[in-house]
Each structure stands twice: as structure tokens, then as C-alpha cells.
Amino acid sequence: MTKDEHEFSELDLFDRKILEALSDDGRMSITDLAARVGLSKTPCQLRFKRLISDGYIEGFKAVINPSKLNLEHIAFAEVKLSNTQEDALRAFNAAVKKIKEVEECHMIAGRFDYLLKIRTRDIRRYRHVLGERISNLPFVASTSTNVAMETVKENWSGSSYAS
Numbered sequence: 001m002t003k004d005e006h007e008f009s010e011l012d013l014f015d016r017k018i019l020e021a022l023s024d025d026g027r028m029s030i031t032d033l034a035a036r037v038g039l040s041k042t043p044c045q046l047r048f049k050r051l052i053s054d055g056y057i058e059g060f061k062a063v064i065n066p067s068k069l070n071l072e073h074i075a076f077a078e079v080k081l082s083n084t085q086e087d088a089l090r091a092f093n094a095a096v097k098k099i100k101e102v103e104e105c106h107m108i109a110g111r112f113d114y115l116l117k118i119r120t121r122d123i124r125r126y127r128h129v130l131g132e133r134i135s136n137l138p139f140v141a142s143t144s145t146n147v148a149m150e151t152v153k154e155n156w157s158g159s160s161y162a163s
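Residues in the sequence shown are numbered consecutively from 1, following the numbering used here.
FYI, nobody ran anything at the bench for these hints, they're computed from the structure. Given the structure is predicted, the values throughout are model-derived calculations rather than measurements. Treat each hint with caution, since some may be false.
[As the list claims (entries may be wrong)] Simulated restraints on C-beta separations:
| no. | residue 1 | residue 2 | range |
| --- | --- | --- | --- |
| 1 | K49 | I123 | 44 to 52 Å |
| 2 | G38 | A148 | 47 to 55 Å |
| 3 | E10 | S144 | 40 to 48 Å |
| 4 | S67 | M28 | 18 to 26 Å |
| 5 | N65 | T42 | 34 to 42 Å |
| 6 | A148 | R111 | 18 to 26 Å |
| 7 | A88 | V63 | 29 to 37 Å |
| 8 | F14 | H106 | 29 to 37 Å |
| 9 | R50 | A141 | 43 to 51 Å |
| 10 | K100 | A148 | 33 to 41 Å |
| 11 | L46 | A148 | 25 to 33 Å |
| 12 | A141 | P43 | 49 to 57 Å |
| 13 | M149 | R111 | 37 to 45 Å |
| 14 | R124 | G55 | 19 to 27 Å |
Glycine is no exception: its CB is placed at the ideal position from the N, C-alpha and C atoms.
Between the sequences and the hints, there should be enough to build the whole structure, so can you do that?
Structure, rendered in C-alpha cells:
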């Protein structure tokens with residue numbers, strides 16, 4: 001068992017309920033959180049602080065509605081690199097983090113090396129980001145695009161941690 005697996009196994013049902021509740025609503029008060037998970041306020045607050053200090057909770061942020069900002073075009077770019085040695089991977093990773101339209105970047109074990117989730121206002125802007133920014137990232141040999149037609153589910157809720 002790895003250190004992370006051991007730490008995760010030390011979470012009890014209350015800790016998992018706290019994580020689930022906060023993934024649903026990160027702005028709820030400690031009083032509301034305590035009521036939701038079945039604890040009194042002080043033990044709940046202590047657990048909450050421990051979950052933050054132990055790194056289970058990394059922070060809080062606003063979830064922005066992309067439709068309100070006219071950013072509804074989502075494309076997934078499969079990226080194949082010409083070199084997958086560690087230095088090349090580090091160079092690609094550092095450069096892709098600088099492209100604001102790239103919402104997610106995952107290294108993949110498969111027929112390509114990375115999968116990027118890219119959000120733009122339309123296909124024209126996507127073509128620009130792909131042609132001018134992504135294709136010019138270090139060691140990019142080829143790309144292939146899949147365009148999302150509809151988003152059925154998007155936000156990771158953490159609900160699997162409650163079981």
C-alpha cells in the first residue's frame with residue numbers, strides 16, 4: 001500500500017461525507033456542513049481544517065458559466081509528440097500550461113501522447129488556437145481533433161468518496 005493509499009484509507013465516513021458535501025457546495029458554512037454530515041460544529045470544523053492541512057482539499061474557486069462568456073465550443077485535441085523523452089515531455093508540459101484556452105491536459109497511454117480539452121467561442125477561434133499555438137508547442141508531431149456536440153456531464157463531484 002502506498003503512502004497516499006494508506007492516508008486515503010484513514011479517512012472515515014464523516015471525512016468522506018465532508019468531501020462530498022464540499023464538492024457539491026464549497027461555500028456552505030461550517031454550521032450547514034456539520035448538519036449535513038451529522039456532526040456538531042466544533043468536530044466538523046476540526047475535520048475540515050485537517051482535510052485542508054493534509055491536502056485533501058486544495059482550495060476553493062468559483063465555477064464560471066462558460067455560456068455566459070460565449071465559450072461554448074469544446075474540442076478535444078489528440079496530440080502526438082515526435083519525442084517522448086523526459087526533457088521533451090517537460091518542455092511540452094510547461095508550454096501547454098501557458099495556453100489559456102486549454103482547460104485540461106492529460107498524458108495518455110495509447111495511440112497518442114496527450115489529450116487536451118480546449119474551450120473557445122467558435123470553430124474559427126479553435127482553428128486559430130490549434131494552428132498558431134498548439135501545433136507550435138515543443139515536439140508536436142501531429143494533432144487530431146474531436147469536437148463535442150453536447151456536454152452531458154462535466155464537473156467532477158467527488159461523490160465516489162462518500163462510499
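Hints and how they fare:
Here the CB-CB span from K49 to I123 is close to 46 Å, well matched to the stated 44 to 52 Å. The given range of 47 to 55 Å is broken by G38 and A148, whose C-beta atoms sit roughly 39 Å from each other. Between E10 and S144 the beta carbon distance is about 43 Å. The supplied range of 40 to 48 Å therefore holds. Separation of S67 from M28 is about 25 Å and conforms to the stated range, judged on CB atoms against 18 to 26 Å.
Hint check: N65 to T42, Cβ distance near 36 Å, so the stated range 34 to 42 Å holds. At about 20 Å, the CB distance of A148 to R111 agrees with the hint of 18 to 26 Å. A hinted range of 29 to 37 Å holds for the C-beta pair A88 and V63, which are about 34 Å apart. Remark: the range hint 29 to 37 Å for F14 to H106 is upheld by a beta-carbon distance near 32 Å.
At roughly 46 Å, the beta-carbon separation of R50 and A141 lies within the given 43 to 51 Å, and the hint holds. The hinted range of 33 to 41 Å is not satisfied by K100 and A148, whose Cβ atoms lie roughly 18 Å apart. In this structure the supplied range 25 to 33 Å is violated for L46 paired with A148, their Cβ-Cβ distance being about 42 Å. Range check, A141 to P43: Cβ separation about 55 Å, and the 49 to 57 Å hint holds.
Checked against the given bound of 37 to 45 Å, the beta carbons of M149 and R111, roughly 22 Å apart, lie outside it. The beta-carbon spacing between R124 and G55, approximately 41 Å, falls outside the hinted interval of 19 to 27 Å.
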